[in-house]
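Please arrange chains Z and X on chain L, whose structure you already have, making use of the hints.
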Amino acid sequence: MAVHQDSFRVRTEGRGTINITRQVEEVVVASGTTTGTCHVFQHHTSASLLVTENADPDVRHDLETLIARMAPDGDPAYRHDMEGDDDMAAHARAMLTHNDLTVPVGRGRLILGTWQGLFLWEHRYAAHTRTLTVTVHGE
Amino acid sequence: MAVHQDSFRVRTEGRGTINITRQVEEVVVASGTTTGTCHVFQHHTSASLLVTENADPDVRHDLETLIARMAPDGDPAYRHDMEGDDDMAAHARAMLTHNDLTVPVGRGRLILGTWQGLFLWEHRYAAHTRTLTVTVHGE
Amino acid sequence: MAVHQDSFRVRTEGRGTINITRQVEEVVVASGTTTGTCHVFQHHTSASLLVTENADPDVRHDLETLIARMAPDGDPAYRHDMEGDDDMAAHARAMLTHNDLTVPVGRGRLILGTWQGLFLWEHRYAAHTRTLTVTVHGE
Numbered sequence: 001m002a003v004h005q006d007s008f009r010v011r012t013e014g015r016g017t018i019n020i021t022r023q024v025e026e027v028v029v030a031s032g033t034t035t036g037t038c039h040v041f042q043h044h045t046s047a048s049l050l051v052t053e054n055a056d057p058d059v060r061h062d063l064e065t066l067i068a069r070m071a072p073d074g075d076p077a078y079r080h081d082m083e084g085d086d087d088m089a090a091h092a093r094a095m096l097t098h099n100d101l102t103v104p105v106g107r108g109r110l111i112l113g114t115w116q117g118l119f120l121w122e123h124r125y126a127a128h129t130r131t132l133t134v135t136v137h138g139e
Numbered sequence: 001m002a003v004h005q006d007s008f009r010v011r012t013e014g015r016g017t018i019n020i021t022r023q024v025e026e027v028v029v030a031s032g033t034t035t036g037t038c039h040v041f042q043h044h045t046s047a048s049l050l051v052t053e054n055a056d057p058d059v060r061h062d063l064e065t066l067i068a069r070m071a072p073d074g075d076p077a078y079r080h081d082m083e084g085d086d087d088m089a090a091h092a093r094a095m096l097t098h099n100d101l102t103v104p105v106g107r108g109r110l111i112l113g114t115w116q117g118l119f120l121w122e123h124r125y126a127a128h129t130r131t132l133t134v135t136v137h138g139e
Numbered sequence: 001m002a003v004h005q006d007s008f009r010v011r012t013e014g015r016g017t018i019n020i021t022r023q024v025e026e027v028v029v030a031s032g033t034t035t036g037t038c039h040v041f042q043h044h045t046s047a048s049l050l051v052t053e054n055a056d057p058d059v060r061h062d063l064e065t066l067i068a069r070m071a072p073d074g075d076p077a078y079r080h081d082m083e084g085d086d087d088m089a090a091h092a093r094a095m096l097t098h099n100d101l102t103v104p105v106g107r108g109r110l111i112l113g114t115w116q117g118l119f120l121w122e123h124r125y126a127a128h129t130r131t132l133t134v135t136v137h138g139e
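Protein chains in written order, with the working numbering: chain L, 1 to 139; chain Z, 1 to 139; chain X, 1 to 139.
No wet-lab data here; the hints were simulated from the structure.
Certain hints may be false.
Here are the computed distance ranges between Cβ atoms for each label pair [stated by the list, open to error]:
no.	chain 1	residue 1	chain 2	residue 2	range
1	L	His-61	X	Thr-129	40 to 48 Å
2	X	Ile-18	L	Arg-11	29 to 37 Å
3	L	Asp-58	X	Ala-77	26 to 34 Å
4	X	Pro-76	Z	His-128	27 to 35 Å
Reference listing, derived: stretches of chain L covered by chain X, where coverage requires no fewer than 3 residues with Cβ under 8 Å from a Cβ of chain X [as the list claims (entries may be wrong)]:
no.	segment
5	61 to 69
6	92 to 100
7	113 to 123
A virtual CB, placed ideally from N, CA and C, is assigned to each residue, including glycine.
Only chain L is shown next, with the shape it has when bound in the complex:
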């Protein structure tokens, strides 16, 4: 058993999802781990992580539509609005999705279903640089 840890940055272009599966898998391959788990963590309160369908971009378009209903931009009830209409909404969207994900590792690779991809979701309007830490446990 060993632990391997690495981090990488993703430059977002404002609100939207970015497929990070390849970058995460590169950490797994570099670790030489055959069997275990791969943990992904993002270090921001206005972005989040998601496992979802990797083929049809309309899926992520529709997820955006739905989460915007649940956590509306510029809701009049918000007290926390210093940074604009997307500020509090971003924290709420992060709450409803995931700050960290763990994926099993087998035969030296992420074990994902055919249609599963790992995504970073930028919830702010503006472009940001987001930092992720990947930790692989296994043997």
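Okay, now just chains Z and X, sitting in the frame of chain L:
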């Protein structure tokens, strides 16, 4: 420290929750791990995992009522609707719940609260066979 | 590689969030782990965990506002209402947030972003004692 990994399949009968606590715990017991963690991952974009109340089935009935409001079947705003009214709703319900869960292991068992059970949630109308991978880390 | 496990209790004062970052980090420091992961699990079906903004309490006030819309207290559709208006709502709020969190450990500390804190969220009106288990894997 060692890692143990196994997988199993669950046959669903269409939309609804299935208690998988026993099947997950069998992997923990077979691993011989005394202290550590047990990670459960499901490999589909239209099903998900949940820790919730294991006693009164009305709880899961009411969770179904609420999530159907948040991620309505056949919403006119959906672009992704090739496989029917439950297609996009299933991806959204998966987003709002969990693709993976980790539970502590102590004294060779899952450490769960009295009322906590682990559930697989099928979000499609039709019956499916769902695959799960369980990875136990510990000593 | 080694595993360290400890538990602690939090006394809540009814519905609301409590910052548990310090208590979790104390387990990491006591474990002597330099690099790895820290898993936090709470053992109740009417409380949950959250990583969110640790500076402005208005953020958590607004999260409360939004989740109360998604999982209303005393909704007439609920079948499970034996323990009062907050009973079923608490289970639903737990579903929409997180039962467990994992945070990377580096240089013997939790690796958190500047604005990230770990919170226990009590969803019942009444004060409760909540138990958490922390498991640290690493070397």
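Hint numbers the structure violates, sorted upward? Result: hints 5 and 7 break, sorted rising.
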